[in-house]
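Chains as they are written, first to last, in my numbering: chain W, 3 to 484; chain R, 3 to 484.
Since the hints were derived computationally from the structure, they do not count as laboratory data.
Wrong hints could be hidden among the right ones.
The list makes no distinction among identical chains, and a pair is therefore deemed to hold if it is satisfied within one copy or across any two copies.
[Unchecked claim] Here are the computed lysine to aspartate or glutamate pairs in the EDC-like style, where the Cα-Cα straight-line distance is at most 20 Å:
| hint | residue 1 | residue 2 |
| --- | --- | --- |
| 1 | K174 | E110 |
| 2 | K371 | D146 |
| 3 | K67 | D178 |
| 4 | K464 | E142 |
| 5 | K311 | E256 |
| 6 | K174 | D376 |
| 7 | K347 | E142 |
| 8 | K174 | E55 |
| 9 | K378 | E203 |
| 10 | K67 | D146 |
| 11 | K360 | E142 |
| 12 | K360 | D248 |
| 13 | K49 | D178 |
| 14 | K174 | D64 |
| 15 | K275 | E285 |
| 16 | K350 | E387 |
2 protein chains.
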Amino acid sequence: MAKKASSRLEWRINVPDGTSKVLEPESGVVGKIWVGLKGCMGIIVLKVWRVLENAWHIGVADPRKVIHCIKVGLALSIVSLFYYMRPLYDDFGGNAMWAVMTVVVVFEYTVGATFYKCINRVIATFLAGALGVGIHLVAEQSGDQLKPIILGISVFLFASAATFSRFIPSVKARFDYGAMIFILTFSLVSVSGYRVVELFELAHLRLSTIAIGTSLCILVTTLFCPVWAGCELHHLIHQNMEKLADSLDGCVTEYFKENGSEKDLNKKMQGYKCVLNSKAAEESMANFARWEPTHGRFNFRHPWKQYLKIGASLRNCAYCIETLNSCISSEIQAPPCLRKHFSNKCMKASSYSINVLKELVITIVKMKKSSNIDVKVAEMNFAVEELVDALKSLPTTHFIATTTGEESTKAKAEGVEGSEHPNPIMKVLPLVKVVSLMVEIATRIGGVVNAVEELARLAEFKAAKDGKPKQNQPTDKLVADH
Amino acid sequence: MAKKASSRLEWRINVPDGTSKVLEPESGVVGKIWVGLKGCMGIIVLKVWRVLENAWHIGVADPRKVIHCIKVGLALSIVSLFYYMRPLYDDFGGNAMWAVMTVVVVFEYTVGATFYKCINRVIATFLAGALGVGIHLVAEQSGDQLKPIILGISVFLFASAATFSRFIPSVKARFDYGAMIFILTFSLVSVSGYRVVELFELAHLRLSTIAIGTSLCILVTTLFCPVWAGCELHHLIHQNMEKLADSLDGCVTEYFKENGSEKDLNKKMQGYKCVLNSKAAEESMANFARWEPTHGRFNFRHPWKQYLKIGASLRNCAYCIETLNSCISSEIQAPPCLRKHFSNKCMKASSYSINVLKELVITIVKMKKSSNIDVKVAEMNFAVEELVDALKSLPTTHFIATTTGEESTKAKAEGVEGSEHPNPIMKVLPLVKVVSLMVEIATRIGGVVNAVEELARLAEFKAAKDGKPKQNQPTDKLVADH
């Protein structure tokens with residue numbers, strides 16, 4: 003009996019009335035496996051479903067990604083023709099494989115990335131092929147004994163050197179892919195040259211198939227709905243600028259608002275996080291953008307590096323907004339009467355700062371020098387000065403005495419907070435933080451203005467036509483005069 | 003004469019004494035070209051020299067990079083043996099090319115990245131090969147007319163789908179390379195299957211050469227001075243933590259110091275910038291680390307994702323330190339007597355905060371639960387509370403009156419600043435900023451402590467042996483009791 007019990011696992015439930023009930027498994031081992039399989043299948047189906055759902059959202063959010071996939075399929079189908087069409091096949095034979103491979107490896111989402119890979123691939127293949135053939139000829143002269151040794155050592159040396167070059171930042175930024183292709187082609191040529199007699203013929207065929215593959219890629223990527231890395235970078239920068247303005251607006255509104263938080267506001271406030279995290283994207287786009295030919299409003303030598311500087315200055319602002327955001331969620335808040343007192347001034351300063359950012363967005367979007375950016379910067383500085391003045395004039399001994407008196411009587415009457423921080427500095431502290439952050443943000447927006455003006459100078463933006471004539475009055479003077 | 007002059011460019015110098023001198027070019031067109039060439043050569047030599055110098059510094063700074071290059075050379079030389087040794091060549095023939103290619107493409111700096119690429123390559127090649135052969139068989143059945151159409155459509159569909167999958171973040175993080183290899187192999191198989199009869203034979207040979215290449219890579223990368231992505235991530239995180247502590251120390255010391263800035267201090271202060279910029283590196287390392295087998299103190303299922311959370315909390319701190327850093331360079335500074343008053347308290351709070359960070363560094367380096375982290379956190383919170391109390395007790399009307407009195411008499415006597423901001427709030431403002439940032443930094447260090455404790459729980463760190471028994475007294479209570 004004991005043996006039987008141990009050989010069969012049972013689930014027993016002790017019911018409160020003293021009896022116990024045995025839970026029978028559905029139908030032995032087969033049943034268990036079936037249940038297990040059903041569970042596994044369920045999980046897999048769920049995961050696949052989630053991935054598909056995710057994919058659908060990605061496709062809907064940016065249809066250009068779907069178009070990119072169609073472009074890849076198209077390029078591959080065209081290159082497959084080399085195999086299917088007999089006359090072409092007779093020319094290229096097995097080497098047509100290289101054209102297929104080139105298309106798969108080289109076709110990237112942006113035109114810049116495709117150009118980068120194409121140019122790198124062609125140049126590296128050519129260089130490595132020439133070097134490989136050269137070393138092969140030298141090795142041929144030195145006899146059958148020495149030949150494998152010379153070839154082996156040369157592969158070792160060149161592969162190591164090219165691998166090391168990939169660690170050098172300036173080489174990595176421009177020729178990382180080229181270095182890899184160099185190693186690949188060099189080892190293949192010097193190794194297969196050992197067997198194949200028609201080395202020059204092979205090199206010629208390979209180069210021409212790669213040329214076919216790369217030119218096909220370039221044609222498809224530039225002619226059908228091209229995605230320019232430069233345009234993407236341009237959009238990213240002014241979108242980030244807008245997000246920053248929205249975050250600043252959201253944060254200040256949230257801080258000084260009187261009712262509960264709105265959902266929309268909360269989402270708006272989080273925009274600065276995108277700015278904080280977009281460094282890597284900006285850098286890779288700027289790297290690819292410089293390979294792109296003239297397109298739209300962008301020249302071949304458009305100052306893409308300046309966009310990185312604008313991005314850095316935007317991140318600088320975002321750090322401050324991040325700190326401002328943490329002020330909002332801070333537990334200690336200034337008493338309502340003080341907040342009301344500062345609300346207008348702060349909102350004004352923030353709205354003038356946002357105006358400057360919005361003006362910069364327009365400058366970048368239109369690629370035209372703004373005629374009234376100086377005025378807007380002056381307005382911002384003036385509003386910030388006013389805010390600081392309000393803070394300066396606030397805690398005269400009289401004001402402190404009266405407000406504390408008012409507050410404490412209120413607090414006594416209602417039993418509310420306020421009595422917790424009986425000394426005035428603690429009351430003003432949260433406001434002082436916000437004001438000093440507003441000052442700092444305005445300073446950093448000044449940095450963004452400088453970066454954008456430098457871009458306008460480098461890229462030779464034209465002056466906006468519809469604007470008023472540019473005011474030559476310097477910003478500092480305007481502020482100092484108030 | 004005029005014609006002659008215009009046909010020849012001259013450089014004329016007007017010497018002050020009235021005569022003018024014609025600068026003769028060295029020797030006509032040839033000379034000019036020679037000078038131009040010399041200039042070009044000079045620039046090229048200089049550029050190459052700079053790159054080489056740069057490369058030398060990189061090699062000296064991290065010799066493991068040099069070792070990596072030697073490893074790549076070694077792996078390639080070994081795989082070349084397949085060509086040089088006749089019996090092996092007879093087995094694999096031209097397919098040995100795939101082994102060379104695999105080594106070049108798959109060999110990466112870290113073990114994790116190599117594993118990621120190897121596993122992706124083998125699985126993707128196998129799947130795509132099987133699918134390609136299957137579709138080929140189906141196409142074979144449907145006659146010569148339909149065959150190229152079926153093959154072409156299948157290439158189009160699968161290539162598009164696989165390309166799209168690379169846009170899905172979860173797929174991109176783990177299987178990006180696999181998706182590319184899938185497209186490559188699938189197109190090659192379905193396209194070359196049109197010609198080559200021995201498709202199974204070919205698939206078998208290709209798989210086995212790729213297996214040889216990948217296993218060689220894995221052997222070389224793990225046996226000779228392996229660089230584990232997990233270890234790198236681990237080091238990066240605790241190094242960043244140390245840098246953050248140093249920056250905080252540097253900033254506070256710089257703010258309250260009495261003499262001019264030291265150079266060492268300035269360098270120390272900039273450490274937080276590394277923390278701000280290390281997000282991308284952390285993410286890629288965490289991605290690779292999860293492919294790595296058990297090594298050293300790290301299991302296969304080590305919670306690498308938690309390191310990203312620690313990294314995020316460190317960046318959170320770094321934002322605040324960035325703002326603190328900008329306070330230092332701010333033009334408005336608190337008057338010396340007030341700064342002296344706060345100097346000790348602030349230094350104390352910062353040194354206790356640094357203690358907490360250093361303790362966390364030790365926890366991570368030793369991978370042992372700290373026995374006295376709770377005490378250190380309590381000390382930090384206590385010091386911060388003391389700092390806030392000092393600020394609270396400062397601006398009683400009496401104190402303001404006396405200090406302003408003192409200062410203004412001083413200012414009148416010496417003609418120094420101080421009279422600029424006659425109201426007390428502007429004097430305290432810079433200090434209030436620093437104090438509130440110190441409070442915020444302490445709060446965010448609390449976030450780092452939580453993230454590290456979560457890591458200790460997930461990775462099952464053991465308790466430190468040499469420490470005192472863990473104190474169960476909760477942190478909040480200790481602070482509240484003061």
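Pop the pair K378 and E203 into one bin, within, between, both or neither, using alpha-carbon distances up to 20 Å. neither (67 Å within a copy, 74 Å between copies)
Homo-oligomer pair classification [E256, K311; C-alpha up to 20 Å]: neither (30 Å within a copy, 27 Å between copies)
When Cα atoms must be at most 20 Å apart, do K371 and D146 count as within-copy, between-copy, both, or neither? neither (70 Å within a copy, 64 Å between copies)
Give the relationship of K174 and E110 under a CA distance limit of 20 Å: within one copy only, between copies only, both, or neither. For K174 and E110, both the intra-copy (18 Å) and inter-copy (14 Å) Cα distances are at most 20 Å.
One pair to classify: K275 and E285, alpha carbons no more than 20 Å apart. Within, between, both, or neither? both (17 Å within a copy, 17 Å between copies)
Should K360 paired with E142 be assigned to within, between, both, or neither, using CA atoms and 20 Å as the limit? neither (69 Å within a copy, 63 Å between copies)
Can you give me the call for K174 and E55, within, between, both or neither, at a CA distance of at most 20 Å? Between copies only: 16 Å across, 36 Å inside.
Could you place K174 and D64 in one of the four classes (within, between, both, neither) given a Cα distance threshold of 20 Å? between (30 Å within a copy, 17 Å between copies)
If the cutoff is 20 Å on CA atoms, where do K174 and D376 land: within, between, both or neither? Let me know, please. neither (40 Å within a copy, 45 Å between copies)
Since the copies are identical, ignore which copy is meant and state whether K350 and E387 lie within 20 Å (CA to CA) inside a copy, between copies, both or neither. within (11 Å within a copy, 34 Å between copies)
Using 20 Å as the alpha carbon limit, work out where K67 and D178 are close: within a copy, between copies, both or neither. between (25 Å within a copy, 15 Å between copies)
Intra- versus inter-copy proximity for D248 and K360 (alpha-carbon distance at most 20 Å): within (10 Å within a copy, 38 Å between copies)
The structure fails to meet hints 2, 4, 5, 6, 7, 9, 10, 11 from the earlier list, while all remaining hints are met.
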